[in-house]
Every structure is written in structure tokens, then in C-alpha cells.
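**Student:** Using the sequences and the accompanying hints, generate a full structural model.
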Amino acid sequence: MKQQEGIGSRIFDGINIGIMVVIIAVSIYPLIYLISKSLSGVEYVKANLVYLYPRGFNLDAYRDVIKNTLFWISYKNTIVYTVIGTVLNLAFTSSMAFCLSRRELLFRKTITMLVIFTMFFGGGLIPNFLLVKWLGMYDTMWSLILPGTISTYNMIIVRTYMKTIPEDVIESVRIDGGNELQIFYKIILPLSKPVLATIGLFYAIGHWNSYFNAMIFLKTNIKFPVQLVLKEMIVDQNMQSVSTAAYESLNQQPLTSEMLVAASIVITLIPVLIIYPFVQKFFVKGIMIGSVKG
Amino acid sequence: MNNSNSLLRRAVRQRYLLILLLPGLIYFVVFKYVPMYGIIIAFKDYDFMRGISGSAWVGLKYFKEFFASPYCFRLIKNTFLLSAVNLVLGFPIPIILALLLNELKSQKLKKLTQTASYLPYFLSTVVVIGILQQLVSPSSGVINALRNMMGKESINFFMEKQYFIPLYVMTEIWQKAGYDAIIYISALAGIDMALYEAAKIDGAGRWRCLWNITLPSLLPTISILLILKLGHLMDVGYEKVLLMYNPSIYETADIISTFVYRTGIKNANYSFAAAVGLMNSVVALVLIFVSNRCSNKLSGDGLW
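Same order as they appear, the protein sequences are chains A and B. For the first sequence, our numbering gives the first residue as 1, with consecutive numbering after it. For the second sequence, our numbering gives the first residue as 1001, with consecutive numbering after it.
Any given hint could be a false lead.
Unchecked claim - Going by beta-carbon spacing under 10 Å, a handful of chain A positions derived as facing chain B:
#  : residue
1  : Asn16
2  : Ile19
3  : Ile23
4  : Ala25
5  : Phe57
6  : Val87
7  : Leu90
8  : Val115
9  : Asn128
10 : Trp134
11 : Asp168
12 : Ser172
13 : Asp176
14 : Ile205
15 : Glu258
16 : Met259
Claimed, not checked - Keeping only pairs whose Cα atoms sit at most 25 Å apart, straight-line, the calculated BS3-like set for lysine-lysine is:
#  : chain 1 : residue 1 : chain 2 : residue 2
17 : B       : Lys1105   : A       : Lys281
18 : B       : Lys1110   : A       : Lys281
19 : A       : Lys281    : B       : Lys1108
FYI, nobody ran anything at the bench for these hints, they're computed from the structure. Every value quoted in this text rests on a predicted model; they were computed, and no experiment measured them. We put the CB at the ideal spot given by N, CA and C, even for glycine.
**Tutor:** Written as C-alpha cells, this is what we have:
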């Protein structure tokens, strides 16, 4: 049914559409700008003439980044850390969530309380740092993976989800003589697939994007994840741009470090941009699950 | 006696469950509760050779040192200011975004806007700051190119202390507003359409509907999220600030967590840094409790 609308209402609709267009533009423009810069000729970048699309199109920046071995090693490291990390995250998180979702578990209330308390208070940076050193994990891959194996928040979300699985389904396995382990992997895990997929994506993105733990725990650069290598590029560029300003008028035109950074960032974004359309739905669902209080 | 027997019997009966619990339990003890024990180095003179338990007690020495230091006030002020500006500007935007999306007639445009606005949420902090640097670069950034076109001088934004908070808050909003709007959008989707139909029959326009139906229905969600954010007012992470600041802008950009990182990790002043960190986490804990109490009082609902 079409309703009679006032002129004010129509004006509002028009403005609203305009606002949305602006939001879309603001959200993606920085990425377009970055991609344009990475694909432009160095003379255009230096003259500051690249705004919206590549000028003097070429792939020189990418060619240079591809030659950077450390970049590729770190890229591979990130993939390894993300895969191993996420698998461990899911194994630890789901098994603990399952236990805490079982009403008969001994000391369930106490354990749950102690677990939830860690969401609001923790040892902080320094004790955690010393712990990793003391455990002998300094400068190993495990320093990036083990300290965050379970995110309390995610675990509680999974537990809440598992609580909604009807008890009679579980009872049927028990009648067939199945024990808790069988209940867990035959019934609960398959039924929890949607929530585990969402949580797994959260974990994976977290591993892919993190740099800080690597910065404090790793010292050998061939173990660095790509975000840390990027971070060093960005910081180094910062220092260079101060010092190179003086001899800018050299006739040779090496690529600017900004273009190399731009190309490197674009390369790290490719996987994220490829899976983004698929994962986006999962993430939205994930927030809905998370908003159900448990 | 009898009691412990039945406990044992129960434990044996659910042995598989307990085995399954073990890895998680070990994780929480080792990586959550052992560091809490490690906090005691804040009250000791931590010596690497002697370990945590062997180091000498010094009581509140490091706490006093912090309060006496010239940085104390600056750090607290910077942390609070950064967080407060971020909250005041960053909190309403997702709500407004959700309301505007809700008023859109075209579902296609709604989808498109949402898809575009979540995208920045998936970028890493390093990437966001890398992009920001490119945008504001004094030699080849688009912002300064625009300034030059208008006949103004280039600004080196990363080196000027008054731009730190605006840059931080703007990137924060850019990255998170779309994502934060999701929860409001889902709350809006849950409003009973019959309310709107009834209001329309009574002759209510869009503005009235917004004011008398939509906003009141969002209020519980808004208040819970606001309280949550207030609880986190004093804990601002170091990850992003570390990438944005440098000694020339410490005056506005150095916050408690970055100070803990520098003194503790970089200068190996463990006990002092742990003391500062502990103070910050205690304040955060108190804030959470207070805000939760308020929430329970005001809306009858809270985190627990």
C-alpha cells in the first residue's frame, strides 16, 4: 500500500540517500587511494597528483615488493600462525565450552565465575611478558599462539550456544552407551558448526591482523608475521621521509618508500578482500549470537 | 567423609568430562591466574636472577615513585581525554547510522552501505595507520595536496601534538562505526511492526514514530552498551597509539598503557611498569563494577 507522503518526508529521503553515498565513499576511498598510489608512476606520486585512480600505470612497486624475501617469509609465517592458531583456538574453546555447558559438571559455578572474572581483571602486560619468557616461549611461534588460546568472551558465546542444544538429543547417545567424549564429538560439535565457524573467523582475523605480541616476543626477523614487517616499513618510512626531504632533487627516480608500503599493504589485503564478501554474513550473525546474554 | 566419597564417585562418573575440561583449565591457570600472581612484582624489586618469589619486597615504593613523577598527571589526563573524546564522538555515530539505514526505502542501498561500512573493521591496526600515513603524508598525501590547492601550507600531522586525538578518533570511527551499528540494526529489526501500523492509523508521521517508538525501543540496548563503554573508560590499548606517536607528541599522545610498554618492555623496568599497569587495571575493574551497579539500578539489567 502506497502512502501519501509529505514534502518534508521526501526531502529527508533524498538527503538520507546522499548521506549513504557519502558513507560508502568515505569507507572505501582510503583503499582506492592506496591502490591507486601503488599502481602509479613515481613521477606522479612525487608531484602529488594521484588522488582517485592510478596515473602513469605500472607495476614497479609490486615488482620491488615481490623481490623482498623477508616480506614473503613473513607472509608465509602469518599463514602458518593463523592456521595453527585458529585450530588450537577452536579445539580449546569448544571443549571447555562444552564442559561448562554440562549442568552436572563438578564445581561448574565456581569455574565459570573464575573464568568470567578474567574478562574484567588480568595480570597485565608485564607479568604476561615475564611468564612467556619464563615458560621458554620467547622468540618461538608458541609465544604468539598459546597465550591467547581461549578468548573468554568467545568461549562464553559458544557455551551459551551449546546450552540451547536439547537435552534429549544428548540423552539418546547416552542410552546407546556413549560417554561424554562421544557426546561431544558426535553430537555437540556437529550441531555447533554455525557458532564455531563464526568464532573461528574471529580468531583467524585476529591472528592475521596482530602485530603486538610478535613485536615483544620475537626477535629473529625470519619468524616475524607480515603485520610486524609492515609495521617496521611504516615506522622506517617515517624516519626516512624526514631525512630524504633534503636531497629530493636527485635526478634518479627510485620508487618512494610510500609506494612500496602501499603495494605491500595491498598484497596483505588481497586475502582479506577475497574472503570478505563470504565472511561478512558470518560476522553479522556472530554479533547476533554474542548479543544474546548467557 | 561421606561427603568426600560421593564427590569422588561423581568425579569418577564424569571422568571423561573432566578430561575434556583439563586443557582449558590448565590454560586459564597458566595464562590468566599465574600472571595475576605475577602482579606481586609491583611490590617487589624484581630481579631476573632471583625470580619473582626471590626478589625483595619494597612495599609501595613504585606506586609512590609513579605518583611523584612528572608524567603521572600527563598520562592520566591523556588517557582519560583520548577515551572521553572517543566515547563522546564515537558512541552516537553507530546509533545514528543504524537509524538512517532503517529509514532507507531501498534495501539494495542499505545492503551496499552496510557492506562498505563494515569493511574497515577487518583491516589490521597496522594497515589502518599505514593508510592514514599515506593520506596525510606531508610530501605526497591527498589531504596536504588539497591544502596546497587552497593555497595553504602542508602540515606534518604525525608530528604536531594537537592532531593526535583527532586522527586517533577519526580512524577509530572510520574503522568501527559500521560494525558497531550492527547491534542496533538487529535491535531495530526486532521492533514489533504492529506498533508502527497502529501509530500510522492514529496519524503519526515518521518523526513521531522515530521519537515515540523507535528510540524508546532502542534505549535498553543503548544504555547497556554505554555502560559497558564507560566501564572501559580508563583502559585504552597501546596497539594503535604505539604506531601513531613519537617523542615529539608524547605530550598529548602518551597514555598509561604505552608508558607501561616503554618502561617495562623496552627499558626492562619491570616492577615500576607492573605497578603502573596494576593501578590502571584496578581503576578499570572499579569502573566496571560501578557502571554495572548503575546499570542494574537504572534499567534493572546489567552484565551480571
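**Student:** With reference to the structure, classify each hint as holding or not holding.
**Tutor:** Here is how each hint holds up against the structure:
no. : hint                 : in the structure
1   : Asn16                : holds, 6 Å
2   : Ile19                : holds, 6 Å
3   : Ile23                : holds, 6 Å
4   : Ala25                : holds, 8 Å
5   : Phe57                : violated, 17 Å
6   : Val87                : violated, 13 Å
7   : Leu90                : violated, 12 Å
8   : Val115               : holds, 6 Å
9   : Asn128               : holds, 5 Å
10  : Trp134               : holds, 8 Å
11  : Asp168               : violated, 19 Å
12  : Ser172               : violated, 17 Å
13  : Asp176               : violated, 15 Å
14  : Ile205               : holds, 6 Å
15  : Glu258               : holds, 6 Å
16  : Met259               : holds, 9 Å
17  : B/Lys1105 x A/Lys281 : holds, 21 Å
18  : B/Lys1110 x A/Lys281 : holds, 14 Å
19  : A/Lys281 x B/Lys1108 : holds, 15 Å
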